Amino acid sequence: GAVVSQHPSRVICKSGTSVKIECRSLDFQATTMFWYRQFPKKSLMLMATSNEGSKATYEQGVEKDKFLINHASLTLSTLTVTSAHPEDSSFYICSASFLGVGGSGQFFGPGTRLTVL
Amino acid sequence: QKEVEQNSGPLSVPEGAIASLNCTYSDRGSQSFFWYRQYSGKSPELIMSIYSNGDKEDGRFTAQLNKASQYVSLLIRDSQPSDSATYLCAVKGLGTSYDKVIFGPGTSLSVIP
Chain Z
1 GAVVSQHPSR VICKSGTSVK IECRSLDFQA TTMFWYRQFP KKSLMLMATS NEGSKATYEQ
61 GVEKDKFLIN HASLTLSTLT VTSAHPEDSS FYICSASFLG VGGSGQFFGP GTRLTVL
Chain H
1001 QKEVEQNSGP LSVPEGAIAS LNCTYSDRGS QSFFWYRQYS GKSPELIMSI YSNGDKEDGR
1061 FTAQLNKASQ YVSLLIRDSQ PSDSATYLCA VKGLGTSYDK VIFGPGTSLS VIP
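Same order as they appear, the protein sequences are chains Z and H.
In terms of the working numbering, the first sequence has 63 at position 63, counting the first letter as 1, and numbering is strictly consecutive.
In terms of the working numbering, the second sequence has 1037 at position 37, counting the first letter as 1, and numbering is strictly consecutive.
Among the hints, erroneous ones may be present.
Just some of the chain H residues that point at chain Z, by a computed CB distance under 10 Å [to be verified]:
no., residue
1, L1046
2, N1066
3, Y1071
4, K1092
Chain Z is nowhere near these chain H residues, computed Cβ spacing over 10 Å in every case [said to hold, decoys possible]:
no., residue
5, N1007
6, T1024
7, S1032
8, K1042
9, R1077
Quick caveat, the hints were computed from the structure, so don't treat them as lab data.
As the structure is a computational prediction, the values presented were derived from the model and not from experiment.
For each residue, glycine too, the CB sits at the ideal point set by N, CA and C.
Isolated chain Z (complex conformation) (with noise of 0.2 Å):
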């Protein structure tokens, strides 16, 4: 199957602090990707989606100049959690997709577990 990495896989930071998280699809090229968020013993909260070279779409509710996302490449999409507070603590996600015959799941990387103190 596609393999979808994430980097780091897990930050402790301290508040007011920025975090940049990677994503990359590793065996394919990524029509799209997609940034979510999960909080412990919750579903999967999708944040935001992004095609390469162009803007991110945002969910309703998530601020853009907080969660940062820049899509340089079929292969590489970046999330930066700007001004980082306790409240931004959680489990980060990144999936990749491809079209396709019937259309094509969406394939995740491991998660990143970001801690802000």
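With the hints as your guide, set chain H onto chain Z.
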């Protein structure tokens, strides 16, 4: 509002039994359907996809789709303790841009040894 619904569970089955997970969706134009498995603290893993009415089998897993009833299910035969996880149903419809899928809230499955 396009929705995907699942029973949150937990669903408990004894080892070796069949686990049946159900999902309903509201968008009648939906075309692609997926089941993901998510272990605690891990990201979701795609285990099945189905696009046509009927059954699709892959090992111990069988996905069933009924578009007329807007219903998709996942059967796990010979359930093992290692199958204990949260199972997410996901649906992609016509007219959704950028391959966006809608996820259900997930059903927690516990297989009792």
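Now for the hints, and whether the structure bears them out:
no.	hint	verdict
1	L1046	5 Å, holds
2	N1066	17 Å, violated
3	Y1071	18 Å, violated
4	K1092	5 Å, holds
5	N1007	13 Å, holds
6	T1024	16 Å, holds
7	S1032	4 Å, violated
8	K1042	7 Å, violated
9	R1077	22 Å, holds
The structure is inconsistent with the numbered hints 2, 3, 7 and 8, although it conforms to all the rest.
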